[in-house]
Amino acid sequence: MLRIIHIIMLVVIVTALSSFNSVAGDSLGVLEFKKLYDGLLSGKTLVNESEQDGTVVKKEKIYGKAVDTGDGDFDIPVTQVITYTKDGKLELKVKVDILDRVHDLGGRAIIQEEIAGISVLEEGDEVTEDASGIEFGGIYRVGKNAQGGFDVHNFSLTPSLLIDGDDLSLAGSMITYSCSDQDAKTVCNYTLRDFELGDYEPYKGYQIGKPIGGDFTETFVSK
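In case it helps, my numbering puts the sequence shown at residues -16 to 206.
Because the hints were derived from the structure by calculation, they are not lab data. Just so it is clear, the structure is predicted and the values come from calculations on it, not from any experiment. All clues given are correct.
Cut-off 30 Å, straight-line C-alpha distance, at most; resulting in silico cross-link-like pairs (DSS-like, lysine-lysine): (1) K41 - K76; (2) K168 - K69; (3) K187 - K127; (4) K27 - K48.
Construct the complete structure from the given sequences, taking the supplied hints into account.
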């Protein structure tokens, strides 16, 4: 049985994938992206809800208003709340505070993500367990999509561990977060795709291989 463990805070550079250059034609500038963000996400809460073995998993992404930081750049405060309940009782609640810093790079918008804090509340707890301090969450490029919205992709592969029985091997993951307006609601589709990694060459990186298994997808819809 194959399992993937994602390693959040590292980045793998690959020679067969250069998302910034190969799809530069669909890139958005900072001003264009801000207009789309203001229309699609600013001040909105998007929700995904599912059930796993009788446990209801509710994921909420709460998007704040863009904050101008000068020179056309801006910050986006995001709060993600994941709640696990069973038979109406809370099992676990996780809150993650995120700051997405949007910068101009050669006329194209990129996002530097910072994880600003995490709080956890488990069943029976009276107070949350908090962890603070800024941690790097990745760098992402922004592009326009055919639906009139935008797509966000991680700038390069995120490392993962592929577990097959007792065997471990390094894999890589690509993330896409695609948002658009559908029937007067904002719909964002999150897709995670894992890839095999080939040989590594210094100063160039890994060769990207074929996808592993199927895509993991989630759909978030505005309230």
